[in-house]
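Number of protein chains: 2
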Amino acid sequence: MRLKFLWPGRTKSPELRALQDLFVARIEALAACRVVETREARGVDERLAGKIKEIEAQGLERHLEGAYVICLGDQGKEMTSQEFARFLRGRERETGRPPAFVVGGFLGLAERIVDKADLVLSLSRLTFSHELCRVVLLEQVYRALTINRGRQYAK
Amino acid sequence: MRLKFLWPGRTKSPELRALQDLFVARIEALAACRVVETREARGVDERLAGKIKEIEAQGLERHLEGAYVICLGDQGKEMTSQEFARFLRGRERETGRPPAFVVGGFLGLAERIVDKADLVLSLSRLTFSHELCRVVLLEQVYRALTINRGRQYAK
Numbered sequence: 002m003r004l005k006f007l008w009p010g011r012t013k014s015p016e017l018r019a020l021q022d023l024f025v026a027r028i029e030a031l032a033a034c035r036v037v038e039t040r041e042a043r044g045v046d047e048r049l050a051g052k053i054k055e056i057e058a059q060g061l062e063r064h065l066e067g068a069y070v071i072c073l074g075d076q077g078k079e080m081t082s083q084e085f086a087r088f089l090r091g092r093e094r095e096t097g098r099p100p101a102f103v104v105g106g107f108l109g110l111a112e113r114i115v116d117k118a119d120l121v122l123s124l125s126r127l128t129f130s131h132e133l134c135r136v137v138l139l140e141q142v143y144r145a146l147t148i149n150r151g152r153q154y155a156k
Numbered sequence: 002m003r004l005k006f007l008w009p010g011r012t013k014s015p016e017l018r019a020l021q022d023l024f025v026a027r028i029e030a031l032a033a034c035r036v037v038e039t040r041e042a043r044g045v046d047e048r049l050a051g052k053i054k055e056i057e058a059q060g061l062e063r064h065l066e067g068a069y070v071i072c073l074g075d076q077g078k079e080m081t082s083q084e085f086a087r088f089l090r091g092r093e094r095e096t097g098r099p100p101a102f103v104v105g106g107f108l109g110l111a112e113r114i115v116d117k118a119d120l121v122l123s124l125s126r127l128t129f130s131h132e133l134c135r136v137v138l139l140e141q142v143y144r145a146l147t148i149n150r151g152r153q154y155a156k
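Those sequence lines, one after another, are chains A and B.
Using this note's numbering, read the first sequence as starting at 2 and increasing by one per residue.
Using this note's numbering, read the second sequence as starting at 2 and increasing by one per residue.
Do not take every clue at face value.
No more than 30 Å apart at the CA atoms, straight line, and that leaves these computed lysine-lysine pairs for BS3-like [to be verified]:
hint, chain 1, residue 1, chain 2, residue 2
1, B, Lys13, B, Lys78
2, A, Lys13, B, Lys117
3, B, Lys13, B, Lys117
4, A, Lys78, B, Lys78
5, A, Lys5, A, Lys117
6, A, Lys78, A, Lys5
7, A, Lys117, A, Lys13
8, A, Lys5, A, Lys52
9, B, Lys13, B, Lys52
10, A, Lys52, A, Lys13
11, A, Lys13, B, Lys52
12, B, Lys13, A, Lys5
None of these hints come from the bench; they were simulated from the model.
Please model the entire structure based on the sequences and the hints provided.
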């Protein structure tokens with residue numbers, strides 16, 4: 002399976018970055034995996050949320066072509082880890098498109114990116130910081146891969 | 002507000018431990034906060050799940066007296082971050098008992114600990130590793146404290 006993870010900019014928290022790297026390495030042992038840090042809107046006044054999201058949307062969308070797009074969002078579908086593993090299994094084979102997970106920046110995703118999504122996924126009813134979202138997502142993808150191989154790595 | 006966090010043993014992942022320390026430090030700036038690493042069942046065959054959970058229950062329960070006990074569990078109540086902040090606000094004042102959050106070890110909590118809970122809280126429908134649970138919980142408690150002070154720290 003080929004997996005892609007997209008988000009604007011580098012993860013800034015060194016602690017979350019360390020976890021991100023850890024889970025990416027674990028995923029890479031089980032699947033072809035690529036993290037793409039797309040263009041981040043820098044130096045734009047935070048009040049111009051629309052402009053920031055638009056700049057970031059342009060960076061993201063060039064990587065979405067041909068992919069099965071899964072955007073993370075508060076209003077998305079919640080799943081158990083078992084359901085998520087089932088969902089992920091064979092996604093590329095069934096749709097002919099490798100999954101691309103998209104996580105927004107600190108202001109979230111532009112609507113037109115969410116509109117392109119084949120699935121909007123919610124990790125929790127709770128709001129996580131966008132950088133924590135990246136880590137929780139990677140942990141769940143790794144968990145799904147281990148579930149699909151018939152072993153569960155940790156409770 | 003006084004807050005207590007209980008779990009068996011030290012967080013082993015250095016990356017998650019770093020995040021744990023980070024969020025504890027942030028919480029400490031806003032509330033009295035204590036993490037108690039209770040007795041962990043070591044050297045017991047993993048197949049003896051009941052025995053492990055019983056040993057860990059003994060370590061946990063001595064810290065529960067007089068507390069408003071919130072156990073983390075898959076079957077628990079899900080909340081949004083706003084709901085959780087509202088829930089936490091004034092919990093000690095209204096109940097006369099400071100909140101104690103309890104997270105199980107890798108096999109989870111003994112039933113008799115869950116039975117003592119005033120609330121069972123679920124962070125997500127997804128299953129997180131018990132060490133990631135600790136970090137997500139701390140992040141949400143910190144977020145709740147910032148929400149209750151009228152500022153939100155990160156999306």
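Cross-check of the supplied hints:
Distance check on the hinted pair: B:Lys13 and B:Lys78 sit about 27 Å apart at the alpha-carbon level, within 30 Å; holds. With a C-alpha separation of about 40 Å, the suggested pairing of A:Lys13 with B:Lys117 is violated against the 30 Å cut-off. Among the hinted pairs, B:Lys13 with B:Lys117 is consistent with the structure: their alpha-carbon atoms are about 27 Å apart, no more than 30 Å. For the given pair, A:Lys78 sits about 17 Å from B:Lys78 by alpha-carbon distance, which is consistent with the 30 Å threshold.
A C-alpha spacing of about 16 Å is found between A:Lys5 and A:Lys117, which places the hinted pair at or below 30 Å, so the restraint holds. With a C-alpha separation of about 20 Å, the suggested pair A:Lys78 and A:Lys5 falls inside the 30 Å cut-off, and the hint holds. For a cut-off of 30 Å, the pair hint linking A:Lys117 to A:Lys13 stands: about 27 Å separates their Cα positions. At most 30 Å may separate the alpha-carbon atoms for a hinted pair to count; A:Lys5 and A:Lys52 meet this at roughly 25 Å.
At most 30 Å may separate the alpha-carbon atoms for a hinted pair to count; B:Lys13 and B:Lys52 meet this at roughly 21 Å. For a cut-off of 30 Å, the pair hint linking A:Lys52 to A:Lys13 stands: about 21 Å separates their Cα positions. For a cut-off of 30 Å, the pair hint linking A:Lys13 to B:Lys52 is broken: about 42 Å separates their Cα positions. Proximity of B:Lys13 to A:Lys5 is assessed by CA-CA distance (about 29 Å); at most 30 Å being required, the pair is judged to hold.
The earlier numbered hints that this structure contradicts are 2, 11.
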